[in-house]
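J.: Chain residues, written in single-letter form:
Number of protein chains: 2
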Amino acid sequence: MQDRKNRRSGGRAGNARRTSASAIEQLTWRQVINPDHPTEPLDEAGVQAVHNAAMRVLEEIGIEFLNDDAVAHLKAAGCIVEGQNVRMGRDFVMEMVAKAPAEFTITPRNPDRAIRLGGKNMAFVNVSSPPNVMDLDRGRRVGDFESFSDLLKMTQYFNCIHVAGGYPVEPVDIHASVRHLDCLEAKLTLTDKVVHAYSLGPERVDDVMEMARIASGMDHDTFFSEPRLYTNINSSSPLKHDWPMLDGSMRFVKLGQPVVVTPFTLAGAMAPVTMVGAVVQSVAECLAAIALFQWLNPGTPCVMGTFTSNVDMKTGAPAFGTPEYVRATQMTGQMARFYGLPLRASNACASNAPDGQAVWESMNSLWAAVNSRVNLVYHAAGWLEGGLIASYEKFVMDCEILQQFERYFESAITATTEADLAVDAIREVGPDGHFFGVQHTQDRYQEAFYSPFLSDWRNYEAWQEAGAVWTAERANKVWKDILAEFQPPPMEDAIREELASFVARRKSEGGAPTDF
Amino acid sequence: MQDRKNRRSGGRAGNARRTSASAIEQLTWRQVINPDHPTEPLDEAGVQAVHNAAMRVLEEIGIEFLNDDAVAHLKAAGCIVEGQNVRMGRDFVMEMVAKAPAEFTITPRNPDRAIRLGGKNMAFVNVSSPPNVMDLDRGRRVGDFESFSDLLKMTQYFNCIHVAGGYPVEPVDIHASVRHLDCLEAKLTLTDKVVHAYSLGPERVDDVMEMARIASGMDHDTFFSEPRLYTNINSSSPLKHDWPMLDGSMRFVKLGQPVVVTPFTLAGAMAPVTMVGAVVQSVAECLAAIALFQWLNPGTPCVMGTFTSNVDMKTGAPAFGTPEYVRATQMTGQMARFYGLPLRASNACASNAPDGQAVWESMNSLWAAVNSRVNLVYHAAGWLEGGLIASYEKFVMDCEILQQFERYFESAITATTEADLAVDAIREVGPDGHFFGVQHTQDRYQEAFYSPFLSDWRNYEAWQEAGAVWTAERANKVWKDILAEFQPPPMEDAIREELASFVARRKSEGGAPTDF
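Sequence order for the protein chains is Z and E. Position one of the first sequence corresponds to residue 1 (UniProt numbering), numbered consecutively onward. Position one of the second sequence corresponds to residue 1 (UniProt numbering), numbered consecutively onward.
Hints listed in this document are in silico derivations from the structure and should not be mistaken for laboratory results. Quick reminder that beta carbons are idealized off the backbone N, C-alpha and C, glycines included. Warning: the hint list may mix true and false statements.
Claimed, not checked - Heads up, simulated EDC-like pairs for lysine to aspartate or glutamate below, C-alpha to C-alpha not over 16 Å straight-line:
#, chain 1, residue 1, chain 2, residue 2
1, E, K314, Z, E509
2, Z, K314, E, E185
3, E, K507, E, D68
4, E, K314, Z, E447
As the list claims (entries may be wrong) - Facing chain Z, from chain E, some residues (calculated, C-beta under 7 Å):
#, residue
5, T28
6, W29
7, A49
8, A114
9, T416
10, T471
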């Protein structure tokens with residue numbers, strides 16, 4: 001059995017590992033393409049029924065837009081406005097939604113890190129926005145700038161993470177008025193991947209867009225000539241979009257920058273107890289915002305987000321990676337394809353530790369993403385406790401799993417050329433031989449199979465001899481090795497200085513209001 | 001963090017649990033129906049290419065049948081025989097395979113535990129045949145009759161386990177000559193589910209069939225009028241079927257009892273390094289045996305088995321639940337449907353502990369089973385170390401996961417009646433309310449969501465307060481509670497005595513030869 005010493009140190013296996021040149025051997029950076037036909041639990045009549053119900057919500061019940069500009073725009077568009085409540089006809093909604101592109105590309109400061117969303121494309125985002133951070137050595141604690149930076153380094157290090165999304169943990173040791181400045185400076189210097197801006201008031205959004213522009217080295221017009229960064233907004237379910245989310249997203253939309261709209265619809269809490277009802281509400285809330293955005297700037301990229309899960313009806317606790325979550329994601333996938341919109345979901349779990357439960361919940365969430373044809377997978381690495389904890393070890397474990405999906409998508413595995421069918425190799429080996437030695441194997445074995453960096457495939461005796469180290473403890477060793485060898489991506493000195501001076505100036509001006 | 005004491009005792013959570021009336025609340029016994037369309041990585045030309053290659057193996061290379069009776073039958077059928085090598089034309093193979101039923105039912109001594117295989121039906125089998133057993137208290141050790149019996153009790157206890165397959169661990173404290181007698185007596189009295197007989201020589205097969213008949217209380221003709229038990233044979237890949245497997249399976253076939261044919265084709269070792277090539281060889285080996293069986297007794301139920309995975313090319317160690325394994329299972333699923341045969345696969349993993357790796361490998365294997373439309377999932381609960389360890393804790397963890405799939409398959413989750421669409425509930429709650437209190441929720445909340453027995457969905461503070469118990473340690477507590485409350489299924493005293501006296505007589509005769 002695993003003992004305390006080995007859980008801490010990584011044991012003999014850990015020592016052996018230290019002799020290698022780099023922390024791990026990982027897959028190359030790639031645009032992920034999911035070739036599989038999605039799983040579709042709804043038949044055509046079911047899709048129509050969900051669509052019709054979502055349209056009835058928009059037509060008969062309406063959505064509250066807690067932002068006067070948004071309401072004024074929608075009134076001008078012909079919607080029925082009563083106070084903050086906006087009702088919109090299905091013809092208007094469908095006309096607007098049809099203007100959103102089915103696929104688009106976001107290009108960050110390093111154009112080699114551009115990602116394409118929509119269709120069969122898939123991209124993985126780091127864990128975003130937990131208040132707490134955890135690792136096996138220090139336990140759970142409130143997030144700080146050090147752990148924020150560590151997790152950003154892992155976001156950059158792993159090729160299977162495509163997007164530096166929300167803060168991987170909230171660095172609460174930095175005052176909220178200037179947090180976005182320090183965080184984005186770190187994000188733009190420690191990573192060169194697509195970044196995200198929180199829609200938390202005009203100053204923050206404008207600051208982040210300006211900092212991303214500075215990091216790109218481009219002038220304003222060139223920078224905003226195509227998607228460069230994005231924001232994600234959550235509705236205040238049921239049936240509300242709040243002021244800062246709408247303000248920030250409209251700033252993005254006006255500059256042609258993508259917006260992901262993700263209602264957080266826990267069935268039985270802020271959405272109906274039936275999963276289909278929760279999907280109906282989620283789709284209605286999402287389309288209401290996208291209709292507004294397409295009215296404001298037709299063709300701006302928008303993504304349908306889903307965060308429909310269920311609660312534990314005994315306690316009200318949120319649950320993730322459940323059977324109901326998987327089906328809700330698949331149904332929302334069908335609706336996203338019906339509307340021609342890219343889809344965002346998550347790698348979600350409820351477990352408090354990087355243990356078996358965390359992995360089965362995450363695997364359900366990730367298989368749901370795959371078989372729902374999700375394009376943008378939030379929280380793909382590092383999430384625990386329903387999003388309240390960012391875990392160093394879970395981050396590493398998730399990246400091992402993400403790499404396996406990247407390999408799973410490679411068409412080479414199922415190619416049926418004459419050489420793949422291997423009849424001649426079978427003939428050569430015959431009934432008494434072994435395939436290790438034949439040329440057909442020798443020509444292919446180095447690339448034939450996925451090679452994990454975290455799995456231990458030794459037999460029990462060898463594993464025991466090496467300290468009997470369980471997965472989470474092996475992951476503990478891996479993140480330490482990664483942080484020890486981390487090198488930030490290149491950035492011109494002049495750009496780095498311009499970023500720093502922007503941050504200094506904005507700090508001297510007091511940063512952003514904190515009373516939103 | 002989890003500490004030693006809590007890992008051992010289950011902590012405060014464990015104490016709280018002991019007050020409940022039964023070990024766990026579990027789902028009811030059910031025939032599982034998988035409604036999803038399978039994932040199909042091969043297009044139509046790909047399926048034809050694999051079929052054609054498998055037929056070329058059978059026509060041009062041939063399979064060795066290390067059993068003279070089998071060879072004589074195939075010679076009589078018109079196959080080309082050279083020594084033990086048998087080549088068969090595709091017309092003969094396809095004509096024979098077409099005689100096997102696409103679906104069939106196996107009815108054990110308790111007819112309520114009948115299972116249907118083929119089509120969309122799915123059934124889960126306990127871990128079968130590891131030499132070693134492991135739990136968190138006692139570590140790994142060689143299997144014995146006590147652990148064999150414990151794992152059988154768990155097989156019976158969990159409603160999500162449908163079949164008492166092979167020995168859940170080899171009880172090596174019982175001499176091989178009489179082991180099958182003690183094992184089957186235990187299996188037939190501790191469980192009332194479908195049982196399996198190893199094809200390990202004529203005496204064992206005949207003894208097991210006779211014992212199953214005695215346990216049923218039926219006469220010979222009634223018992224063998226339909227499928228009552230089954231055997232599973234593995235080819236000696238590459239390209240061989242050995243004597244005891246053929247002898248035993250032919251005894252089953254003559255009595256109309258089902259045979260599962262499962263080549264063990266590790267790509268790069270006993271099969272080609274290309275996954276498609278390994279599938280070709282597996283399909284050829286499987287169909288060769290099924291053609292023989294259909295020649296012997298047309299219409300006897302046969303199942304295509306797949307155990308195609310890859311090795312670690314650095315070490316030669318077998319790997320399971322890999323990306324390559326998932327695709328091989330999906331491709332074999334396409335071939336099984338092409339031939340109209342039910343399909344068997346496994347819940348396989350390579351990990352040496354019930355940890356994160358074990359779960360991600362198992363989840364890949366189980367999602368592969370689901371999206372390949374596998375009918376019979378071997379080793380569904382309890383497998384570790386590539387089948388060399390039967391784990392008490394993994395058994396419990398797997399059953400939690402299997403239950404989640406059973407819930408996932410329920411059509412209620414995706415029903416789109418007016419009540420499911422919930423527009424009226426959305427209207428009633430409006431933008432400022434909460435769904436907990438409304439009638440739509442109150443009418444449904446008790447059955448709305450799957451309720452796990454092993455997941456801990458409490459928040460971190462409550463989980464920490466209860467001892468911060470990780471999943472495997474919670475599972476440790478669960479199996480102890482299950483064994484403490486276990487009650488064997490009912491059996492008439494007369495039948496129990498007849499079984500015991502059969503065992504005593506066969507033991508006095510010396511049991512079965514051990515020189516096979």
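J.: Could you run down the list of hints and mark each one as holding or not?
T.: Results of checking the hints against the structure:
1. E:K314 with Z:E509: It is violated: about 59 Å lies between the C-alpha atoms, which goes past 16 Å.
2. Z:K314 with E:E185: The given pair, whose Cα atoms are some 42 Å apart, is violated under the 16 Å limit.
3. E:K507 with E:D68: Distance ~30 Å between K507 of chain E and D68 of chain E Cα, so the pair is violated.
4. E:K314 with Z:E447: holds (11 Å)
5. T28: Violated - the Cβ of T28 of chain E stays beyond 7 Å from chain Z, reaching only about 16 Å at its closest.
6. W29: At about 18 Å, which exceeds the 7 Å cut-off, the nearest Cβ of chain Z leaves the hint on W29 of chain E violated.
7. A49: With a minimum Cβ separation of about 4 Å from chain Z (threshold 7 Å), the hint on A49 of chain E holds.
8. A114: violated (25 Å)
9. T416: holds (4 Å)
10. T471: holds (4 Å)
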